[in-house]
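Novice: Spelled out from the first residue to the last, the chains are:
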Amino acid sequence: MTTTHDGFAATRRLILKGAGVIALTGVGVISFNMAPAFAAANDKYPEDAFKQKRAADAIKSLYGRTAQASDKVKLDAPEIAENGAVVPISVSTTLAEVTSIAFLASENPNALAAVYRIPPGTMPNVANRLKMAKTCDVTVIVEAGGKLYSATKEVKVTVGGCGG
Amino acid sequence: MNLRSPIHLASATLALALATITPTVAADTPDPMAEAKAFRNYFVAKFPNVKPEDFVNGPYSMNKDMRRQWEEKEQFPPYEFSLDMGKEMFGKPFKNGKSYADCFPNQGIGIRQNYPSFDAKEGKVITLELALNRCREANGELPLSYVGDEMAALTAYMAFTSRGKPFDIKIPDDPRALEAYQNGKRYFYTRRGQLNFSCATCHVQNPGERMRAEILAPALGILNAMPIYRSEWGGMGTISRRLVTCNSQIRAVPLEPQADEYRDLEYYLSYVSNGLPISGPGSRP
Amino acid sequence: MASTIRVRAISSGEITEVQVLIQHPMDSGFVKDAKGEIIPPHFIQQLAFEYQGRNVFVADWGTAISKDPYVKFSFKGGNKGDDLKISWVDNKGETDTTTAKIQ
Amino acid sequence: MKMTGHTVRLSILSLALALVNATSAPAASSEADFNTAYAAAEAADKEAGRLHNQWTVTAEALADAKKAADIGDFDRAVTSAKEAEALAKASILQAASEKEAWKKLEIR
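Protein chains in written order, with this note's numbering: chain A, 1 to 164; chain W, 1 to 285; chain V, 1 to 103; chain Y, 1 to 108.
What the hints contain is simulated information worked out from the structure, not anything from laboratory work. You may find that some hints are simply not true.
[Stated by the list, open to error] Simulated restraints, written as ranges between beta carbons of each label pair:
#1 Y:30 with W:145: 39 to 47 Å
#2 W:97 with Y:104: 33 to 41 Å
#3 Y:96 with A:51: 57 to 65 Å
#4 W:45 with A:94: 45 to 53 Å
#5 W:141 with A:153: 47 to 55 Å
#6 W:164 with Y:59: 20 to 28 Å
#7 W:150 with A:158: 28 to 36 Å
#8 A:71 with V:38: 36 to 44 Å
#9 V:35 with W:143: 25 to 33 Å
#10 A:158 with V:54: 37 to 45 Å
#11 W:97 with A:121: 52 to 60 Å
#12 W:48 with V:34: 39 to 47 Å
#13 A:61 with V:39: 21 to 29 Å
[Unchecked claim] Examples of chain Y residues toward chain W, derived with CB under 7 Å:
#14 29
#15 55
#16 98
#17 102
#18 106
Quick caveat, the model's predicted, so the values are computed rather than measured. Where is the CB? At the ideal position from N, CA and C, for every residue including glycine.
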């Protein structure tokens with residue numbers, strides 16, 4: 001396929017920090033083309049949050065505070081995952097001024113699965129597919145108007161997703 | 001590629017003759033037509049709420065929570081990459097300039113429902129996987145692994161072009177064809193492995209039940225969804241691969257892919273699902 | 001060769017719904033291969049969707065996203081025939097980019 | 001799971017295994033004992049192979065016997081070989097009884 005291997009992990013860091021355009025000169029055509037999209041993101045990959053084992057620590061690393069449960073956050077997840085390798089989970093909310101949405105699975109080796117940045121004009125609805133190691137709580141955090149709201153649901157996993 | 005979702009096949013109108021069970025015939029003189037009817041009636045009676053043509057969707061025809069997850073995934077199914085690979089492989093000429101299309105009726109498009117077929121010259125059952133490899137070998141190419149990703153992708157594409165077409169397996173008036181059918185049936189019902197299970201133990205007696213974590217698929221229509229993308233495999237797998245893994249799971253030493261027994265089994269199982277639509281490539285947990 | 005990125009971006013007039021499926025192993029680094037050796041982590045870390053020069057959606061992903069990842073979102077605006085640019089970068093620095101037309 | 005007509009075969013198997021346990025108990029086994037036991041197990045498994053009815057667990061027991069013999073643990077090697085033989089013989093019995101038994105399960 002068209003995946004390119006530039007082999008420079010450090011290069012990527014620079015791209016992600018938004019300083020890539022200059023630093024990249026001469027490294028590779030594809031990487032160079034990549035730069036604008038990520039440079040414009042102007043946001044760093046939250047490496048530390050993804051490294052945390054516990055959900056609470058990941059949330060703290062990501063946002064620096066705690067969330068309160070809200071019935072305005074609608075989390076849709078199966079009762080029993082047909083296979084932990086592919087668990088369809090989605091969220092929608094009626095909260096205003098949403099700026100980000102994060103998904104966490106409490107019993108995964110690293111609790112944080114994904115963070116989505118929602119700029120103005122983008123709807124606060126996301127669907128994705130997660131790996132789940134075992135039965136546990138799936139929590140979604142919605143950052144809206146500078147505050148954190150959450151919803152949690154237990155998903156039973158009979159075939160763990162750590163094999164895939 | 002514009003996917004015609006198998007979900008919609010469930011609503012396809014099909015004239016499914018659901019007559020009452022015909023009287024018993026001696027086991028040694030098989031009556032395939034009557035047996036296929038009895039086979040279907042068994043499942044229809046066991047699952048009165050499942051539309052007959054929905055059996056091709058396996059466990060998703062009998063479990064609501066699983067069906068919802070499946071429908072969610074079918075919005076953009078993970079097997080799409082395999083399907084595209086199959087299309088590309090199918091269209092790419094061999095070194096001699098010929099291609100798969102030259103080996104099959106209708107250039108190989110929309111014909112999956114006719115396999116396995118009985119070859120009168122050879123006196124044996126020819127599965128689609130076997131026909132594909134024979135096509136390769138006849139054109140100076142090495143055969144593909146029957147359990148590998150490439151064969152899975154090729155058959156996925158061929159199934160895809162045949163979606164919605166009812167299985168149309170023929171048993172010609174040839175004692176060897178009837179024998180192949182009978183041998184396939186025997187294989188299906190014969191217990192094997194340390195667990196002492198037959199194919200029927202799981203897929204006739206207990207479909208819809210949980211076996212450890214999996215929900216067992218009904219035998220009726222089980223091959224219509226092949227090949228299948230399994231989340232457990234993280235990829236597409238052929239009928240051969242599924243049969244081999246079925247055997248291993250019951251602690252029986254699998255036969256070589258495309259052994260006579262497997263070919264005959266496929267012949268039998270496809271025949272008894274005649275009239276039900278092709279839904280492959282399917283996805284399963 | 002085909003792109004690793006499959007996109008469906010459909011405009012309903014006011015809103016554009018975007019679905020994407022990416023071919024990627026998303027190896028978590030917690031799984032062993034047949035020989036019992038750990039398969040090193042190899043996963044997409046960031047995925048960005050750019051419309052008319054600005055990001056309309058950015059995903060930061062860890063190792064718990066399924067193999068051949070999928071995501072769906074929607075944004076206000078987006079005209080039929082307009083370009084939507086999608087790019088990803090993984091933890092090994094591999095990348096892919098594609099541009100899709102909104103339908 | 002509902003499994004009719006099962007008990008007979010299972011009791012054959014447990015009987016065979018019980019015999020293994022009874023015969024392989026006390027005295028230390030020699031390499032010759034292992035060779036004899038292994039050859040018998042292999043022959044039975046080959047017979048099951050001719051019937052296309054081998055069990056994966058037989059192969060596992062055979063492999064375990066060989067592994068134990070390689071490190072000179074002939075007690076374990078003989079026990080595993082005898083277990084393999086019992087499993088192989090049970091698979092042969094299964095093939096024989098299924099020759100007719102399968103018909104009872106057929107939907108008609």
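Novice: All the hints need checking, so say for each whether the structure fits it.
Specialist: Results of checking the hints against the structure:
1. Y:30 with W:145: 39 to 47 Å: holds, 44 Å
2. W:97 with Y:104: 33 to 41 Å: violated, 55 Å
3. Y:96 with A:51: 57 to 65 Å: At roughly 60 Å between Cβ atoms, residue 51 of chain A and residue 96 of chain Y fall inside 57 to 65 Å, so the hint holds.
4. W:45 with A:94: 45 to 53 Å: The hint (45 to 53 Å, Cβ to Cβ) holds, given that residue 45 of chain W and residue 94 of chain A are roughly 47 Å apart.
5. W:141 with A:153: 47 to 55 Å: holds, 51 Å
6. W:164 with Y:59: 20 to 28 Å: Distance hint for residue 164 of chain W, residue 59 of chain Y is violated at roughly 43 Å.
7. W:150 with A:158: 28 to 36 Å: holds, 31 Å
8. A:71 with V:38: 36 to 44 Å: holds, 42 Å
9. V:35 with W:143: 25 to 33 Å: Taking Cβ atoms as reference, residue 35 of chain V and residue 143 of chain W lie about 27 Å apart, which means the hint holds.
10. A:158 with V:54: 37 to 45 Å: holds, 43 Å
11. W:97 with A:121: 52 to 60 Å: Given range 52 to 60 Å: holds, Cβ gap about 53 Å.
12. W:48 with V:34: 39 to 47 Å: holds, 45 Å
13. A:61 with V:39: 21 to 29 Å: Holds - the Cβ-Cβ distance for residue 61 of chain A and residue 39 of chain V, about 26 Å, lies within 21 to 29 Å.
14. 29: violated, 25 Å
15. 55: At 5 Å from the nearest chain W Cβ, residue 55 of chain Y passes the 7 Å test, so the hint holds.
16. 98: This interface hint holds because 5 Å falls under the 7 Å limit.
17. 102: Where the cut-off is 7 Å and the nearest Cβ of chain W is about 4 Å from residue 102 of chain Y, the hint holds.
18. 106: Since chain W brings a Cβ to about 6 Å from residue 106 of chain Y, closer than 7 Å, the hint holds.
Hint compliance for this structure: hints 2, 6, 14 are not met, and every other hint is.
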